[in-house]
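Number of protein chains: 2
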Amino acid sequence: MEQLKQKIRSEGIVLSDKVLKVDAFLNHQIDPHLMQQIGHEFARRFRDAGITRIVTIEASGIAPAVMAGLELGVPVIFARKHQSLTLNDNLLTASVYSFTKQVESTIAISTQHLSSADRVLIIDDFLANGKAAQGLIEIIRKAGASIAGLGIVIEKSFQAGRRELENAGYRVESLARVQALRDGQVFFID
Amino acid sequence: MEQLKQKIRSEGIVLSDKVLKVDAFLNHQIDPHLMQQIGHEFARRFRDAGITRIVTIEASGIAPAVMAGLELGVPVIFARKHQSLTLNDNLLTASVYSFTKQVESTIAISTQHLSSADRVLIIDDFLANGKAAQGLIEIIRKAGASIAGLGIVIEKSFQAGRRELENAGYRVESLARVQALRDGQVFFID
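Going down the list, the sequences are from chains V and C.
Under UniProt numbering, the first residue of the first sequence carries the number 1, and numbering increases by one thereafter.
Under UniProt numbering, the first residue of the second sequence carries the number 1, and numbering increases by one thereafter.
Hints in this document: simulated from the structure, not taken from any laboratory.
Keep in mind it's a predicted model, so treat the numbers as computed, not measured.
Treat each hint with caution, since some may be false.
Identical copies look the same in the list; a pair holds intra-copy or inter-copy alike.
Claimed, not checked - Below, a list of computed lysine-lysine pairs in the BS3-like style, where the Cα atoms sit at most 30 Å apart:
#1 Lys21 / Lys7
#2 Lys101 / Lys18
#3 Lys142 / Lys18
#4 Lys142 / Lys5
#5 Lys101 / Lys142
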């Protein structure tokens with residue numbers, strides 16, 4: 001997705017050869033117009049996949065997921081990383097290690113909103129080592145729902161996440177695939 | 001906003017005389033179409049207020065804020081409740097106590113994205129005692145930006161939040177004002 005790559009080139013900050021900071025339009029400040037176009041692109045790629053629900057994870061997955069849900073006409077569920085008084089019963093959970101935050105956390109979805117009749121599109125902001133995606137997959141499979149694929153805004157292709165997901169048989173659609181972060185620059189696949 | 005009130009009546013769950021659970025369309029599962037209409041309504045009410053940025057707080061404020069930002073053509077910033085490797089410099093912070101989660105947390109916004117030239121619309125999912133809103137106001141004022149008002153999806157009018165904000169001179173626009181939660185039912189003002 002060319003517009004996204006341009007935005008990454010102009011506003012992304014390469015913090016190291018592993019870490020790309022996109023707080024200017026995705027992870028802290030959000031560009032709503034870009035999110036709408038990202039949602040449109042996810043919807044285009046998964047239009048015929050029979051999606052009934054989108055599952056993402058708080059917080060940065062929410063904006064692109066809601067825009068895709070609007071286009072596909074389906075509800076969005078965001079997995080919680082933190083407990084709440086109102087989210088307390090019949091939880092499906094998985095344990096996920098975040099390299100960015102350097103903590104192990106439990107992610108949770110209520111059984112209320114996901115069933116074996118559902119066909120799910122997983123959307124997330126980043127795919128790196130794939131730990132968050134695998135946690136979401138574990139939860140969705142516990143609910144008995146099927147998984148149509150994963151829609152990723154930015155993939156760090158030099159980490160193992162995509163390969164492992166594809167080896168497990170999942171379709172992965174990434175809108176920007178980062179081949180390398182080097183000398184303060186972002187190099188894309190293609 | 002009649003459609004929102006109908007949704008609360010049909011899908012909201014009254015957990016106690018203080019707690020309304022709307023995990024079916026706002027706090028866990030999100031209804032993207034309803035969020036679009038909420039964004040439209042916030043934009044209508046603040047169209048002439050000179051808004052340059054929307055500020056919200058993760059996670060449930062993001063969907064309505066991004067939809068309002070899309071309509072108003074302005075960026076959205078979400079305050080972080082949890083530290084991240086990529087959000088680490090020049091932070092404006094405030095301490096906020098959450099009654100729902102029963103924890104004190106530090107919320108943070110980077111100085112990168114907010115300046116004295118900004119006129120801010122604060123958007124949040126709930127207004128109860130107003131602690132989150134007051135934390136956001138504190139941060140925005142530290143940045144030197146002005147505040148055009150607050151857009152709230154659901155206000156619990158029987159708690160002190162709105163009154164305190166209005167006493168401090170802020171404009172509060174709530175799309176659904178809950179007068180009372182009683183006998184499992186939701187009673188609205190109007």
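Hint check:
In this assembly of identical chains, the alpha carbons of Lys21 and Lys7 lie at most 30 Å apart only when taken from the same copy (12 Å versus 38 Å across copies). With identical chains, the CA atoms of Lys101 and Lys18 are at most 30 Å apart within one copy only, with a shortest distance of 14 Å there and 34 Å across copies. With identical chains, the CA atoms of Lys142 and Lys18 are never at most 30 Å apart, being 32 Å at best within one copy and 33 Å at best between copies. In the homo-oligomer, the alpha carbons of Lys142 and Lys5 never lie at most 30 Å apart, since the shortest distance is 35 Å inside one protomer and 33 Å across protomers.
Proximity of Lys101 to Lys142 under the C-alpha cut-off of 30 Å is found in both arrangements, the shortest distances being 26 Å within a copy and 26 Å between copies.
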